[in-house]
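Engineer: Sequence:
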Amino acid sequence: MSIVTIDCQYVLPQTAAAYLIEDHGELAFVENNTAHAVPILLKTLRDFAFSKEAVRYIIITHVHLDHAGGTSALLKHCPNATVIAHPKAARHVIDPSRLVQSAEAVYGKDRFAKMFGKIDPVPKEKVYSPADKEALDFGKSKLHFLYTRGHANHHFCIWYSKENVIFTGDTFGLAYPALQNGTKPFLYATTSPTDFDYHEAVKSVQKIVETKSQCAYLTHFGAWHNIPLGAEMMMVSLEKAKEIFDLLLQTQEFDGSEGSLAYTKLLHFYRREFAKRGLEHLMHTPWIRMDLELNAQGIAFAAQRIFSKGK
Numbered sequence: 004m005s006i007v008t009i010d011c012q013y014v015l016p017q018t019a020a021a022y023l024i025e026d027h028g029e030l031a032f033v034e035n036n037t038a039h040a041v042p043i044l045l046k047t048l049r050d051f052a053f054s055k056e057a058v059r060y061i062i063i064t065h066v067h068l069d070h071a072g073g074t075s076a077l078l079k080h081c082p083n084a085t086v087i088a089h090p091k092a093a094r095h096v097i098d099p100s101r102l103v104q105s106a107e108a109v110y111g112k113d114r115f116a117k118m119f120g121k122i123d124p125v126p127k128e129k130v131y132s133p134a135d136k137e138a139l140d141f142g143k144s145k146l147h148f149l150y151t152r153g154h155a156n157h158h159f160c161i162w163y164s165k166e167n168v169i170f171t172g173d174t175f176g177l178a179y180p181a182l183q184n185g186t187k188p189f190l191y192a193t194t195s196p197t198d199f200d201y202h203e204a205v206k207s208v209q210k211i212v213e214t215k216s217q218c219a220y221l222t223h224f225g226a227w228h229n230i231p232l233g234a235e236m237m238m239v240s241l242e243k244a245k246e247i248f249d250l251l252l253q254t255q256e257f258d259g260s261e262g263s264l265a266y267t268k269l270l271h272f273y274r275r276e277f278a279k280r281g282l283e284h285l286m287h288t289p290w291i292r293m294d295l296e297l298n299a300q301g302i303a304f305a306a307q308r309i310f311s312k313g314k
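4 is the number of the first residue of the sequence shown in the numbering used here; add one for each residue after it.
Note that these hints are calculated values from the structure, not bench results.
Keep in mind that a hint or two might mislead.
What the hints assert, rightly or not - Here are the simulated distance ranges between beta carbons: (1) 213 - 114: 39 to 47 Å; (2) 164 - 232: 22 to 30 Å; (3) 254 - 143: 55 to 63 Å.
Stated by the list, open to error - Within a straight-line C-alpha distance of at most 20 Å, the following computed DMTMM-like cross-link-like pairs (lysine to aspartate or glutamate) qualify: (4) 145 - 166; (5) 312 - 258; (6) 279 - 235; (7) 245 - 276; (8) 268 - 283; (9) 117 - 10.
Just so it is clear, the structure is predicted and the values come from calculations on it, not from any experiment.
Ideal Cβ placement from N, Cα and C applies to all residues, glycine included.
Take these sequences, add in the hints, and give me the full structure.
Structural biologist: Printed below as a string of structure tokens:
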């Protein structure tokens, strides 16, 4: 094996993945989901007869808790590992207090604990932040880090040169396996709060295309082999987000109703795209509804931020 896709069982099966990479005896985890997923990650090491001491890197594409919530818990089991994070993400790994407080304010303490588990600080000396386009040695190959804003300002993707594949976090959208059971493949952008930026998202998709990778590994979820097709669908999705963003700015009614308007417009888009593929039945599933709500909120938040700056 070289790359293992690990189902983190986040809320439902096949909604969030972590990846284990092996190169000449060295190991790296890309993403770790939450503290509740760490036993699954450790079991994967055991299943392949790998030692925890062989883990060199614990990499997070960004600090959103469904990607990085298990970082401190996983590091405790991997004594030789270094956490690799974007510099704007690293400070929240080292001191997660603001991140935890914000999430607890949204979910409540009990639900937060149930969803994410305990998040502890990571020692500063155990964290490294690569520069944009920096390459780190890994086994007999290299891992190349590309800063990719648009979904989050602290996001990077990782191009693994040996296999010519790229780990895209949330930059290349969402492509749950259930979405691939229709008449044609389906992938759509994630525009969740609070950093959505259409122009940066477009640039980041282009960066992924320019690597000429043969496969993208999405955190949500799994391997995507047709990158040009995925990029095309990302653009359709991002253009719709931009259309809704522009509409909100034109109405200039930021009185709390902007989220509902964004939701209604995005719901119409989802229904149309799902129907094209015979996937209408998925519109009522909880994870699609959650994506729809978060993506609408992110578009509305971005528009409100621009409106407030112009006042």
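Engineer: Indicate, hint by hint, whether the structure satisfies it.
Structural biologist: Verification of the hints:
1. 213 - 114: 39 to 47 Å: Distance hint for residue 213, residue 114 holds at roughly 41 Å.
2. 164 - 232: 22 to 30 Å: holds (23 Å)
3. 254 - 143: 55 to 63 Å: Roughly 56 Å apart at Cβ, these two residues keep to the hinted range, so it holds.
4. 145 - 166: holds (10 Å)
5. 312 - 258: holds (16 Å)
6. 279 - 235: Cα-Cα ~16 Å, so holds.
7. 245 - 276: holds (17 Å)
8. 268 - 283: The given pair, whose Cα atoms are some 17 Å apart, holds under the 20 Å limit.
9. 117 - 10: Holds, at about 18 Å.
Checked against the numbered hints given earlier, the structure satisfies every one of them.
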